[in-house]
Amino acid sequence: MNFLQPWMLLALPLAAIPIIIHLVNQRRFQTVPWAAMRFLLDATKMSSGYTKLRQWLILAMRTLALAALILFTARPLTSGLLALLGGDANRVAIVLLDRSPSMAEIPTGALNSKLEQGIDQLAETFKTLGIQRIVQIDPLAEKPEEFPSVTQWLRAAPRDAWSATSDIPGQLEKALLYAKNNPSGNTMVWLCSDMRDSDWKSQDGRWKGVQDGFRALGPSIRFSILDLSQNDLNPTAANRSIRTTEVRRVEAETGPELALSLRIEQAGASFPAQGTAGNNSGDKSVDKTTENTTNIPVEITVGSNRSVVEVPMQGNSAQLTDYRIPLEKDFTSDANAGSTKTDSAARGFGSVRIPSDSNPSDDTAYFVFEPAPARRALLISETPELVQAIELCASISPEQSVRCEAELASLSQFESTDLSDVALIVWQENLPTGKSLETLSKFVASGGQLLLLPPENPDQSEAFGVQWSSWEALDASEAPVGNAAAPVNNSESTDNLEGNAGNAQAGSDRIARIAQWQNDSQLLSNTLNGAPLPIGQLGIRRLCGLTGNLEPLATLPSGKPFLASVTLSAEQALPIMLCATTPSDRDSTLAGDGVVLYVTIQRLLAIGASRVGTTRNALAGTDHRAVDASSKMSLGNDEAPSNEYPMHAGVYATDETLVAIHRDETEDLPRVVETPVLERLFGDLAWAKISASKKASSLVQEVWRWFVVAMLMALLLEALLCLPKVNKKRPSQA
Amino acid sequence: MLNVTRSFLDPQIIARLAAVPLKARHAMQGNVSGRHASPHRGSSVEFAEYRKYVPGDDLRRLDWRAFGRTDRYYVKEFEADTNLRCCVVLDTSGSMGYASKGMLTKIDYSRRIAATLAYLAAQQGDAVGLATVAEKIVQNIPAKRSAAHLKLLFDTLEKTKPQGETQLPQILDELAETVRQRALVVIISDFFVPTDELKRCFEHLRFRKHDVAAFHLLDPQEIEFAFGRPVRFVDMEGNTSIFVEPSEIADRYQRALATYLQAMQKLTLETGVDYHRIQTNESYEHPLMRFLVARTRGRGVR
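Going down the list, the protein sequences come from chains A and B. Residue 366 in my numbering is what sits at position 366 of the first sequence, and the numbering runs on without skipping anything. Residue 160 in my numbering is what sits at position 160 of the second sequence, and the numbering runs on without skipping anything.
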């Protein structure tokens, strides 16, 4: 129970007035000489049950009436879980909205999405509490937006969810910054979320900073979490989501075709069985229920062509792999076809859609396609024999339809080389400085891949925050001991040392083995069939030292990095790779055991080739460079404002590029943040989780009427109890 | 005849009450001729019966006319009238000193009743006695007819003070034996004694052929029990006290009182006692008038 005027509760002890009067009255007795004492003695021996009960009831009713009067004047609120809420109308409300796709879910029996319901309930709550100053944290805006009234906030509050996963700790950081810069007596931070772990990022390291920051601001800041996950809002909601896993344009014998792979996931309760209907119209519900499978009609739109394919659903998932859709030979759906007809004639975009369900935001996925671009690698080295193996790996295509090229150039030729179609630069020289460094930085920033190899004679130059030191031959401590090396996942580690007892070279040659590597990194991940790369079989004879802010991807037993990455900024799409040795036989067995080298180079080329092509795929909210406000939406949410394009799934056309924005895959995971996790995240900060209610429009409601009724009832009962008893056997006078 | 400046005598009330004679309900046994029926045959003008002559009867009382008609000897008998002996028993225990605000104490009220009755009885030639009783018989004045005796009674009434515990049942037993038979015994008390003992006393008095009248005095507060705040009641006939929340106990007090009064009503009916319950806020003239009028309705039984 909370109150809008809690200071009135100071008067609550006044409710004890009847009891005090009773006690005082007991002490103010009078002494009376009495003749008829025998009747008093007889009366005291009789049962006093009802009379005593009546007296206590009267006392209780009087106390209750007073208490109800005081509580009524304190303006009580229905709260239950709003234990932290006070009635200070001068309070500032900082609103953090979770606009992740799951918030677009429309609960069963409801008309609005969770996001809309949460906003409406917050608005009603603010009105009830009399909060006048509302600050909304917008993840896209640099500064929080302030609203002087609830009405204005409600008018400006966003009503549609994004396709991007929310960043709750990031928003809290912004809220912390605002609270620091705008100290207020009382600040209430309202988080409206469906508690998905993907949005809360409970393992994120920023939480500690957020917690410490708010703790430093004192107890005047409190948190209310409007939980829209598990409540009566959505008891039986069921939802299916679709996403494309791979879209390629392939040249078949009959002409160009689109190879489409997609996946459908189902979460929540079972869908009701639907009757069979429909055809290729694609607009009607065409689920077909069989004994074990349900066919999901998937509407595929490529340009202006639309087709429907039924995908059998088994269990909670369905998959369509390499589904071929013929393309017209002169096909183009490019929005900019007029201007770049030659380059973009073969590219296009489209969407896949499943019938609408409780969450419309994940019913459509978008894709772009184009002929695979050539993967061109540029190798900068003064000693070509050192990178000869890399040149070979870069020039051999893994697929027939992909053209691979490798060009060797010297440092002097680098400045004059056109990098526009280069996917990968292998830099086996002293670290770049001056104009070269500037050119490489632009190249990396544009999405190109850069692999730095140690020069023959490292100098003291520094670039990208790293520095080569000197070469060193492996000493006895790096000698093989016969243990097999193993990959590790992130923080997991093993103490496996170098060496492979089965290696023929071991024993006669001092070869170091890779002890640990991150097989969950994009570069060293397992192959498509799930087998790990044979990195443990690589032998390192010479290693060049590396210093700087590195993230080791593969290390020797001594901890020296063999392969590392450098991330320059958060906005950098792909990190710079550094290999501490060369493929030459003098330095390593990279060339001899060429599998790792080939796979690694091809992966780098594939990643870097995305900058070369005119189509791109990006996750919503992660790559703000891919799409901006100047982009033109080809497919997607028409109502999305242009500054929010990066947050909405769809297909966007820039000057030369088609970009497909996808929903984050973690959104399909329905894992929510439980209360124990929240306790860890918020620590000793004052916070409360409030479950949204479908019945009440506001989270809080004034309930003073109940107390008026209670007071009246108490007074009425007290009056009834005080009525003199009708005694028919009253002693007559004579 | 007497000095009427006593505080407990009101000449106007006496004048009004004097119009109604004080009669006994039963045959009285007095010393002299009076206006009350006697259990014996006498020489009054009221014919009683014919009785056969037996040797030894006074020949002067033979009815010669009856002899002439029947040729048999009959003696004609007449009722005898005598005076009565009125014994007023006044309870002077401590409880009789109670009076609620603005009311007479019960002892004052009983003084008025006793004095008025004594005056009326003496005025019609009856003998009047007084017994003031508490733990014992405080003072016992035998019944006499003289005016000087009335003065003694009034002086005694004037000096009477309420004190001591009530031992009314024992004292009534004693009086039943000591007072000569066939007297009018008027008991003025609050009767705060066990009713079963009281019943036994009344039966004893009736056994002695006394005409028993009981004036039961109650203060209005004792009936209403209208107290607001908590009260510590101190027993007027002892040192015991009891702390009471009146609002809590009033109901039970009323029940106990009602039970007692019903028992009193019942026992007086069963024992033939002329019972009059009086609240002290009422003028004593009215109960006395009711008392006198009720006795005029029938001739005393011989």
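Certain hints may be false.
To be verified - Now the in silico label distances, taken between C-beta atoms and shown as ranges:
#1 A:Gln-5 / B:Gly-228: 33 to 39 Å
#2 B:Pro-11 / A:Thr-31: 23 to 29 Å
#3 B:Ser-247 / A:Ala-110: 43 to 49 Å
#4 B:Arg-255 / A:Leu-9: 43 to 49 Å
#5 B:Lys-159 / A:Thr-31: 38 to 44 Å
#6 B:Ala-19 / A:Thr-31: 42 to 48 Å
Claimed, not checked - Straight line, CA to CA, 30 Å or less: simulated DSBU-like cross-link-like pairs of lysine-lysine:
#7 B:Lys-76 / B:Lys-101
#8 A:Lys-208 / A:Lys-689
#9 B:Lys-159 / B:Lys-76
#10 A:Lys-201 / A:Lys-689
#11 A:Lys-45 / B:Lys-209
#12 B:Lys-159 / B:Lys-101
#13 A:Lys-45 / B:Lys-266
#14 B:Lys-199 / B:Lys-161
#15 B:Lys-101 / A:Lys-52
#16 A:Lys-174 / A:Lys-143
#17 B:Lys-199 / A:Lys-45
#18 B:Lys-161 / B:Lys-151
Please keep in mind that the hints were generated in silico from the structure rather than gathered at the bench. Just so you know, even glycine gets a beta-carbon here, dropped at the ideal spot from N, CA and C.
ask   = Taking only the CA atoms, is the gap from Lys-201 (chain A) to Lys-689 (chain A) under or equal to 30 Å?
value = With Cα atoms ~17 Å apart, Lys-201 (chain A) and Lys-689 (chain A) stay inside 30 Å; holds.
request  = Take a look at whether the Cβ-Cβ distance between Arg-255 (chain B) and Leu-9 (chain A) falls inside 43 to 49 Å.
outcome  = Check passed, 45 Å falls within 43 to 49 Å.
key: Proposed proximity, Lys-161 (chain B) with Lys-199 (chain B) (alpha carbon, max 30 Å)   = holds (27 Å)
inquiry  = Can you confirm whether the C-alpha distance between Lys-76 (chain B) and Lys-101 (chain B) stays at or below 30 Å?
reply    = With Cα atoms ~62 Å apart, Lys-76 (chain B) and Lys-101 (chain B) exceed 30 Å; violated.
ask   = Can the restraint linking Lys-159 (chain B) and Lys-101 (chain B) be considered satisfied, given a maximum Cα separation of 30 Å?
value = holds (23 Å)
inquiry  = Range first: 42 to 48 Å. Now tell me if the beta carbons of Ala-19 (chain B) and Thr-31 (chain A) are that far apart.
reply    = holds (46 Å)
message = Can you confirm whether the C-alpha distance between Lys-159 (chain B) and Lys-76 (chain B) stays at or below 30 Å?
response = violated (52 Å)
message = Verify the CB-CB distance for Gln-5 (chain A) and Gly-228 (chain B) against the hinted window 33 to 39 Å.
response = Since Gln-5 (chain A) and Gly-228 (chain B) have Cβ atoms about 38 Å apart, the given range 33 to 39 Å holds.
query = Does the structure keep Lys-199 (chain B) and Lys-45 (chain A) at a Cα separation of 30 Å or less?
reply = This hinted pair holds, its Cα atoms lying about 24 Å apart.
task = For the pair we were handed, Lys-161 (chain B) and Lys-151 (chain B), check the Cα-Cα distance against 30 Å.
result = Within the cut-off at roughly 18 Å; holds.
message = Is 23 to 29 Å respected by the C-beta to C-beta distance linking Pro-11 (chain B) and Thr-31 (chain A)?
response = Hint violated: Cβ distance 40 Å, outside 23 to 29 Å.
query = Do the alpha carbons of Lys-45 (chain A) and Lys-266 (chain B) lie within 30 Å of each other, as the hint requires?
reply = Roughly 24 Å between the alpha carbons, so the hint for Lys-45 (chain A) and Lys-266 (chain B) holds.
Figure legend: structure checked against the earlier numbered hints; hints not met, in rising order: 2, 3, 5, 7, 9 and 11.
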